[in-house]
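Chemist: Starting from the given sequences, assemble the full structure and let the hints guide the process.
Protein chains: 2
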Amino acid sequence: MEAMAASLPEFLKKIKGRGQGFYEVLDDTKTADSIEVFAKKTSGRYEKIVVLGIGGSALGTKCLQQALLPLFKMRGNMAANVADKATTPAATMGPIPQLHVLDNIDPTLLRDLDATLDLKKTLFIVVSKSGDTIETLAQYFYFQKRVQEVGLKEADHFVFITDADKGLLREIAAKNPNIQTFEVPKNVGGRFSVLTPVSLVPAALMGLDIRQLLHGAQMMRDVFLNLDAEKNLCFQLAAIQYLLGQKGKTINVFMPYSSHLIGFTEWVTQLLAESIGKALNEKGERVNVGLTPLRAVGATDQHAQSQLFHEGPNDKLIVFFEIENFGEPLAIPNPYPDHPAVSFLKNATFDQLLKTEKQGTEQSLIECDRPNITIRLDCLDEASLGGLFMLFEGATAFLAEFYGINAFDQPGVERSKRLGREILKYI
Amino acid sequence: MEAMAASLPEFLKKIKGRGQGFYEVLDDTKTADSIEVFAKKTSGRYEKIVVLGIGGSALGTKCLQQALLPLFKMRGNMAANVADKATTPAATMGPIPQLHVLDNIDPTLLRDLDATLDLKKTLFIVVSKSGDTIETLAQYFYFQKRVQEVGLKEADHFVFITDADKGLLREIAAKNPNIQTFEVPKNVGGRFSVLTPVSLVPAALMGLDIRQLLHGAQMMRDVFLNLDAEKNLCFQLAAIQYLLGQKGKTINVFMPYSSHLIGFTEWVTQLLAESIGKALNEKGERVNVGLTPLRAVGATDQHAQSQLFHEGPNDKLIVFFEIENFGEPLAIPNPYPDHPAVSFLKNATFDQLLKTEKQGTEQSLIECDRPNITIRLDCLDEASLGGLFMLFEGATAFLAEFYGINAFDQPGVERSKRLGREILKYI
Numbered sequence: 002m003e004a005m006a007a008s009l010p011e012f013l014k015k016i017k018g019r020g021q022g023f024y025e026v027l028d029d030t031k032t033a034d035s036i037e038v039f040a041k042k043t044s045g046r047y048e049k050i051v052v053l054g055i056g057g058s059a060l061g062t063k064c065l066q067q068a069l070l071p072l073f074k075m076r077g078n079m080a081a082n083v084a085d086k087a088t089t090p091a092a093t094m095g096p097i098p099q100l101h102v103l104d105n106i107d108p109t110l111l112r113d114l115d116a117t118l119d120l121k122k123t124l125f126i127v128v129s130k131s132g133d134t135i136e137t138l139a140q141y142f143y144f145q146k147r148v149q150e151v152g153l154k155e156a157d158h159f160v161f162i163t164d165a166d167k168g169l170l171r172e173i174a175a176k177n178p179n180i181q182t183f184e185v186p187k188n189v190g191g192r193f194s195v196l197t198p199v200s201l202v203p204a205a206l207m208g209l210d211i212r213q214l215l216h217g218a219q220m221m222r223d224v225f226l227n228l229d230a231e232k233n234l235c236f237q238l239a240a241i242q243y244l245l246g247q248k249g250k251t252i253n254v255f256m257p258y259s260s261h262l263i264g265f266t267e268w269v270t271q272l273l274a275e276s277i278g279k280a281l282n283e284k285g286e287r288v289n290v291g292l293t294p295l296r297a298v299g300a301t302d303q304h305a306q307s308q309l310f311h312e313g314p315n316d317k318l319i320v321f322f323e324i325e326n327f328g329e330p331l332a333i334p335n336p337y338p339d340h341p342a343v344s345f346l347k348n349a350t351f352d353q354l355l356k357t358e359k360q361g362t363e364q365s366l367i368e369c370d371r372p373n374i375t376i377r378l379d380c381l382d383e384a385s386l387g388g389l390f391m392l393f394e395g396a397t398a399f400l401a402e403f404y405g406i407n408a409f410d411q412p413g414v415e416r417s418k419r420l421g422r423e424i425l426k427y428i
Numbered sequence: 002m003e004a005m006a007a008s009l010p011e012f013l014k015k016i017k018g019r020g021q022g023f024y025e026v027l028d029d030t031k032t033a034d035s036i037e038v039f040a041k042k043t044s045g046r047y048e049k050i051v052v053l054g055i056g057g058s059a060l061g062t063k064c065l066q067q068a069l070l071p072l073f074k075m076r077g078n079m080a081a082n083v084a085d086k087a088t089t090p091a092a093t094m095g096p097i098p099q100l101h102v103l104d105n106i107d108p109t110l111l112r113d114l115d116a117t118l119d120l121k122k123t124l125f126i127v128v129s130k131s132g133d134t135i136e137t138l139a140q141y142f143y144f145q146k147r148v149q150e151v152g153l154k155e156a157d158h159f160v161f162i163t164d165a166d167k168g169l170l171r172e173i174a175a176k177n178p179n180i181q182t183f184e185v186p187k188n189v190g191g192r193f194s195v196l197t198p199v200s201l202v203p204a205a206l207m208g209l210d211i212r213q214l215l216h217g218a219q220m221m222r223d224v225f226l227n228l229d230a231e232k233n234l235c236f237q238l239a240a241i242q243y244l245l246g247q248k249g250k251t252i253n254v255f256m257p258y259s260s261h262l263i264g265f266t267e268w269v270t271q272l273l274a275e276s277i278g279k280a281l282n283e284k285g286e287r288v289n290v291g292l293t294p295l296r297a298v299g300a301t302d303q304h305a306q307s308q309l310f311h312e313g314p315n316d317k318l319i320v321f322f323e324i325e326n327f328g329e330p331l332a333i334p335n336p337y338p339d340h341p342a343v344s345f346l347k348n349a350t351f352d353q354l355l356k357t358e359k360q361g362t363e364q365s366l367i368e369c370d371r372p373n374i375t376i377r378l379d380c381l382d383e384a385s386l387g388g389l390f391m392l393f394e395g396a397t398a399f400l401a402e403f404y405g406i407n408a409f410d411q412p413g414v415e416r417s418k419r420l421g422r423e424i425l426k427y428i
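Chains C and U are the protein sequences, given in the same order. In case it helps, my numbering puts the first sequence at residues 2 to 428. In case it helps, my numbering puts the second sequence at residues 2 to 428.
Everything labelled a hint here was simulated from the structure, so no lab data went into it. Quick caveat, the model's predicted, so the values are computed rather than measured. Hints should not be assumed to be uniformly reliable.
When chains are identical, the list treats them as one kind, so a pair holds in a single copy or across two.
What the hints assert, rightly or not - Pairs of lysine-lysine, DSS-like flavour, derived with a Cα cap of 25 Å:
| # | residue 1 | residue 2 |
| --- | --- | --- |
| 1 | K347 | K167 |
| 2 | K146 | K49 |
| 3 | K284 | K41 |
| 4 | K146 | K347 |
Modeler: So this is what it looks like as structure tokens:
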């Protein structure tokens with residue numbers, strides 16, 4: 002580990018040399034301003050917001066929604082919840098619209114959603130960095146036609162988030178300048194784009210505090226750029242992932258003890274799978290490296306996947322996420338305090354039960370010689386989420402340097418895209 | 002493969018000798034009758050049904066809900082959809098209640114749900130085979146207190162699904178005989194219990210046709226019991242999983258091209274992880290075997306995990322699921338037929354796009370030497386789901402015989418439960 006620490010300055014220099022903007026966009030206050038202006042302008046106007054996007058255009062937004070809004074949606078309920086925090090922009094906004102992320106082209110999914118929409122009160126946010134993503138364009142064409150059919154103006158119901166000057170979406174916007182657009186910075190890849198307009202626009206419309214998101218990420222960026230390995234959490238995380246990977250722990254289980262972080266495990270799955278799963282290293286040698294992300298959630302998966310983690314092949318690193326503060330404790334009533342099945346539940350709260358189950362699982366994994374680490378958050382809020390995104394983006398950048406690969410391309414998916422298009426031509 | 006086929010009769014004999022009832026419960030028409038009577042009796046009475054359960058008590062129900070009901074929930078909408086099929090029991094029922102499955106003890110999850118409930122119009126279904134599952138009892142105690150606080154009768158708002166005579170839930174029911182109960186058969190383990198009252202009761206209350214579910218499973222049971230390996234799909238699937246596992250493909254990716262089958266990938270994850278992830282074989286030798294299930298969904302994960310599947314370590318078998326018939330084709334309008342980004346999209350439908358993307362991915366995986374198989378369903382309905390459950394239950398039973406392990410125990414999770422309880426005592 003000490004020998005590894007010596008490579009930190011060199012890795013950081015290499016990362017900076019790649020010209021990637023994921024850790025610099027945090028300072029773009031001008032864009033944050035314009036997003037907040039837009040959120041204020043549209044406040045109260047829409048009942049539903051529908052994000053049309055796939056992969057990196059969807060996962061960050063889904064993660065933020067699940068992490069920071071109530072898991073069971075009620076319109077009034079959501080607004081009340083967000084408005085509790087009197088300092089957030091939401092406190093000065095109208096009712097918060099309900100958000101849906103449409104990230105697949107399953108026809109029943111479109112039909113099901115369409116049946117629930119009042120188009121007059123719906124805003125579609127079309128998100129594609131390239132502006133050419135076929136799944137997203139197909140969804141857009143579908144809803145564009147629907148909006149036209151009922152005689153509504155396209156510019157009142159569509160927002161584009163795309164490249165500044167390339168791609169079909171940008172061309173369409175150029176012809177219809179009334180459509181509001183936001184830019185995905187050219188030097189930020191899709192899976193690193195959660196802190197750009199890609200997710201900041203939907204976040205602001207949901208009433209989330211995007212300044213705090215950026216602030217939390219900025220704090221973690223200082224950690225990421227720290228040349229002292231003992232203080233650089235991103236580097237430490239990458240070193241653990243790499244070293245254990247070399248020892249055959251090639252599956253990384255991401256297991257938060259909170260239902261609110263299920264969306265985060267999906268976000269980090271894309272980040273790790275696409276960034277580190279590579280056939281060739283930078284010298285052009287065939288290496289076929291990769292760590293396979295696996296999603297779990299505690300306590301639920303103690304009853305579904307835990308058996309395998311304890312007794313199956315010893316090929317996993319388990320990354321727990323624990324939340325310190327769940328708000329006001331919620332007591333577990335116990336009407337049968339003397340019954341052996343529940344006698345240990347005395348004056349307990351739900352968060353205590355959740356935490357002790359996590360400790361029990363952690364302890365028994367150690368006894369089975371299964372490596373695990375815990376990432377602990379004080380609470381779930383915009384700042385902690387921003388920090389968590391940056392922690393894993395930074396770690397992934399370092400991890401690629403350990404493997405000698407490029408974290409920022411995805412050569413393996415082009416072939417399937419091309420083949421799909423070829424087949425479609427002959428239908 | 003031919004040598005393997007010879008072991009089919011012996012394996013089947015061993016499986017039958019284990020006294021497991023998962024393939025026999027399908028014939029329990031008496032229980033199906035009583036479930037339908039209960040569904041009719043309560044028809045129109047509740048707005049919401051809340052299932053309190055975890056692991057096998059939740060996953061089958063979540064799977065059925067996602068597979069067979071609209072993905073975006075609207076009360077009127079759901080009822081209309083189910084009532085379309087004039088032959089189903091739902092056609093003669095009142096409005097279909099909305100169903101929530103509460104499968105975690107995250108306190109915010111309980112709070113969020115509680116805030117949306119009108120307790121007078123809510124039915125809680127408490128599901129625990131042992132009757133002693135601590136997470137489920139804690140949830141039950143919480144909502145029992147809430148129902149009492151507002152002066153409602155417990156028997157009007159709770160149903161228990163549990164063992165016939167053991168455990169705390171059964172004891173409580175014995176003292177309050179007005180509470181409706183259903184039995185989980187003693188010889189059916191939690192992860193094999195989807196076709197027992199565990200999921201049949203919620204399914205019937207959602208307006209699904211439980212006879213067709215059972216019928217589809219019965220058809221596949223004939224396949225499972227067929228002594229000819231060429232006709233036994235369960236055996237073939239297990240043989241493929243085992244053989245490729247022996248060649249280092251120890252990760253099984255389950256990737257349906259349909260958002261409706263995401264819940265199925267969660268159900269099959271538990272089935273495979275808990276049944277096959279075992280430290281000891283039946284001779285008591287340490288083997289630490291297991292196949293690691295990994296969830297994906299097409300086309301979405303072409304933009305998230307596909308890069309890793311194509312270029313990362315060659316340690317995966319990809320199991321695609323394809324649906325032949327999505328109902329009335331949904332056209333993709335193309336206002337820019339001459340634009341190079343979308344020129345190949347001419348008179349195409351969403352299901353064509355979905356299917357060709359799947360073919361493109363399949364083809365490119367083959368070119369990268371990555372093994373994959375496809376399980377094709379005519380359509381998504383009760384019968385096809387019943388068949389799918391039985392296919393994988395049967396395959397898992399065979400798979401355990403290939404490994405020489407017991408598919409039906411879970412010794413590895415007892416330790417973490419015990420440790421959790423120990424820790425809780427000292428808080």
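Chemist: Hint compliance check: list the failing hint numbers for this structure, sorted ascending.
Modeler: Hint check: 3 fails alone, others pass.
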